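Based on the sequences and whatever the hints tell you, model everything.
First residue of the sequence shown: 173, per this note's numbering; consecutive thereafter.
These aren't lab readings, by the way, just hints derived from the structure by calculation. Given the structure is predicted, the values throughout are model-derived calculations rather than measurements. One thing to keep in mind: the hints can contain errors.
To be verified - Under the rule of at most 25 Å between Cα atoms (straight-line distance), these lysine-lysine pairs were calculated in the PhoX-like manner:
| hint | residue 1 | residue 2 |
| --- | --- | --- |
| 1 | K504 | K465 |
| 2 | K465 | K439 |
| 3 | K551 | K504 |
| 4 | K297 | K725 |
| 5 | K302 | K369 |
| 6 | K723 | K302 |
| 7 | K355 | K369 |
| 8 | K725 | K302 |
| 9 | K300 | K720 |
| 10 | K302 | K720 |
| 11 | K364 | K719 |
| 12 | K300 | K649 |
| 13 | K723 | K355 |
| 14 | K673 | K372 |
| 15 | K504 | K416 |
| 16 | K369 | K723 |
| 17 | K364 | K720 |
| 18 | K372 | K725 |
| 19 | K367 | K719 |
| 20 | K551 | K372 |
| 21 | K725 | K355 |
| 22 | K551 | K355 |
| 23 | K367 | K302 |
| 24 | K367 | K720 |
| 25 | K649 | K297 |
| 26 | K591 | K416 |
| 27 | K648 | K369 |
| 28 | K367 | K723 |
| 29 | K723 | K295 |
| 30 | K367 | K648 |
| 31 | K372 | K720 |
| 32 | K719 | K300 |
| 33 | K364 | K725 |
| 34 | K302 | K591 |
| 35 | K295 | K416 |
Unchecked claim - Simulated restraints on C-beta separations:
| hint | residue 1 | residue 2 | range |
| --- | --- | --- | --- |
| 36 | G584 | Q507 | 17 to 23 Å |
| 37 | S620 | T260 | 55 to 61 Å |
| 38 | S624 | G190 | 20 to 26 Å |
C-beta atoms are modelled at their ideal positions from N, C-alpha and C, and glycine is treated no differently.
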Amino acid sequence: MVKPETIVAGGFIAAASGVVWNATYAAIYDLRRIAQYGMAATRDSLFGRMGDTPWAPMIDAWQHWPSLQNLFSQGTSNFFVTTAAGATAITAAAATGTAIALLKKKSEDLHGNARFLERRELKKKGLKAKGGLLLGRAGNQLLRDEDQSHVAVIGPTNSGKTECFVIPNLIEWEGTFIALDFKGTLYERTAKIRKQKGDKVYLFGPGFENSHTYNPLDMIRGGIARITDIQALASLLIPVLDPKSAHWNTSAQMLVAGMISYVLESKECENARTLGTIVRLFSVRDNFIDTLKAMRDEEGISDYTRARLTEFMAIPSEEAGSIRSTLNTHLKPWQNPAVEALTKSGDNAIRIESLRQERSAIYLVIDTGQIEIFSQLLKLFLEQVNSFVNRAYRQPDENKILFMIDEFYQLGRINSIIKQLPFARDRDIRICLVSQGVAQIDEQFTRSGRESILGSCALQLFCSFNDEPTVDLVTKKTGSTTQGYETTSRQLKPFGGIPQKTVAEHSMARPLFRPNELYAWNRNHLLILKTNAAPFICDKILADRTKKYIKMKNGALGVTLQIPPLEALAPFMPSWARRSSEKPLPKEKAVLPTSDESGDKSAQKEYAAKAAFLDSGEADTVDYEALYGKLNALVGDAGYFETAVEASDLIEDKEYTLSLIQELKDEHEAIVNLVANEAGA
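Take a look at the structure:
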């Protein structure tokens, strides 16, 4: 049975042959007439008539074709017959040649037609740009890519990823960049050069004594975008990674959004608008509902804040406990004084809002031994900066943004950046993801996640190979070519005749890269895979061996970098945070109880103790039994309130206790006098 594609191909070839014959007949016809009659024959040329009637040559041949009985006698001398014969011969030759070429190509491509990109094609494929990212060298030509596509750089340890790609591009990038820098190598090698170029240089170093700071709450805008930004921050702090825990996580996001909104609005928190304050508010009282009530009832709090806090207060206690447990898990990294010192506003804070206007070099430096402690902080920084620069399209006079995320899988899932990979290029943002191999990416993101990530990286660079998943990936991506081979057989003849030799031609698939060829990769070479381009192998440009970069490094030795020392934040709590939930007695009822008939003063002593330390704190910070015992002993002294100051040492917040005592002196003067009178009686 004839295949449909064969019928279609046959029809196409027949139509093409007709067009070729038509044009060839017209050409031969006109040339022969010009040879006989001169240029005057061009007035009635077939090519001229084809403008009005495209098939004029065929019509002309048909009209002047001799009858069948005269064809054999006049055929060789008939003008129209010989013209048609010439056109037919040329068309047949062209069709035959084309068919042979197609069949040969089909045979050659039977198992694939993979090939390498040729140097003459580099410019067409955008690999010889004047600017953009530096990739390597092909002969004397520098290879650069200035497309806004993202880049995946893959290679094992000591394969030259840092030297051939990361450092050269951090030095040469025209714009702002954010670099994840394990052990501070990138900062040490490039920071002085960037400052010499006029960049604002920042070092954000969790775990180090000197560092610039960054406050996540500073990224929240006012106006109509305020609630959206608050919800975005809440989702970053408590991401929904598992659908099974979506309810608990989204409920926790609701609560933490209300807490963020409160800290931004509260006059109590005016000088302490940090994530550390938010985390601390979850543990100021045994009864968390009392905390929420105090926050909700504070003056100046928005309806949004009240609504979020009230929603949580209405949740059954058992469910609320599970939500708080989820919160504690996600907020644990923020219960660290070092993190709080890093996440504050001030003169030393990184000006994220100016990254488009002010060329900046931001280094996120961390020791590999502290990744577990600070990974959440670094992820939040990267995700918030990425979200900020993605808010609007870049204006012509604004900086392009480069994210150089070395060993990106070490931080775990950087969800918002990964999700925005397909869209960031429209904002003039390039993201370079550097990894040791495919296996490490699969470990964090699963295979489907890795395929999504690499699918968004139109430019992929491979420095070397030492793991099977990476080798398999490259072998499949680069494809196969068709390789021919011959087999020889001999057929014996009966009765001792000469054997007949038969040679047969075959073809087989040959991978463009065999696994053993990749494992034996030349460390001085770089494999470039770009979407819609064949693979290309170039030479690496190693920064530590290139005169240009060595000269730039030596020329910047005298540049001074100033990284401010970190200062610990003083513990902060709202003024209501250490008061008990007990309400003070109304002033008009503040009357000292009288002694009973037996003269027992225990009721007076108990009231005096409660009055003196009214709302003094929570049960977990104050030993009331011991405190009341000491106060009861002091009530008998004439200088009760002055002596009672000593008892304030039992309470953590001494300053608040002293101010409360002074307040009670003023408000309960009658009680003070009565206590003194009773004591002196």
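Okay, the hints, checked on the actual structure:
1. K504 with K465: Holds, because 24 Å separates the two Cα atoms, which is no more than 25 Å.
2. K465 with K439: holds, 16 Å
3. K551 with K504: holds, 15 Å
4. K297 with K725: violated, 33 Å
5. K302 with K369: holds, 19 Å
6. K723 with K302: Satisfied, since the Cα-Cα distance of roughly 22 Å is no more than 25 Å.
7. K355 with K369: Holds: K355 and K369 sit about 24 Å apart, inside 25 Å.
8. K725 with K302: holds, 23 Å
9. K300 with K720: Holds. K300 to K720 sits at ~19 Å (cutoff 25 Å).
10. K302 with K720: holds, 17 Å
11. K364 with K719: holds, 17 Å
12. K300 with K649: It holds: about 23 Å lies between the C-alpha atoms, which stays within 25 Å.
13. K723 with K355: Within the cut-off at roughly 24 Å; holds.
14. K673 with K372: violated, 79 Å
15. K504 with K416: holds, 21 Å
16. K369 with K723: holds, 14 Å
17. K364 with K720: holds, 15 Å
18. K372 with K725: Distance of about 18 Å is within 25 Å: holds.
19. K367 with K719: holds, 20 Å
20. K551 with K372: holds, 22 Å
21. K725 with K355: holds, 19 Å
22. K551 with K355: holds, 17 Å
23. K367 with K302: holds, 24 Å
24. K367 with K720: holds, 17 Å
25. K649 with K297: Measuring from Cα to Cα gives roughly 18 Å; hence the hint holds.
26. K591 with K416: Given pair K591, K416 holds - Cα atoms ~21 Å apart, limit 25 Å.
27. K648 with K369: violated, 43 Å
28. K367 with K723: holds, 15 Å
29. K723 with K295: violated, 29 Å
30. K367 with K648: violated, 43 Å
31. K372 with K720: holds, 23 Å
32. K719 with K300: It holds: about 21 Å lies between the C-alpha atoms, which stays within 25 Å.
33. K364 with K725: holds, 8 Å
34. K302 with K591: Violated - the C-alpha atoms of K591 and K302 are around 30 Å apart, more than 25 Å.
35. K295 with K416: violated, 50 Å
36. G584 with Q507: 17 to 23 Å: holds, 19 Å
37. S620 with T260: 55 to 61 Å: Since the Cβ atoms of S620 and T260 sit about 59 Å apart, the hinted range of 55 to 61 Å holds.
38. S624 with G190: 20 to 26 Å: violated, 49 Å
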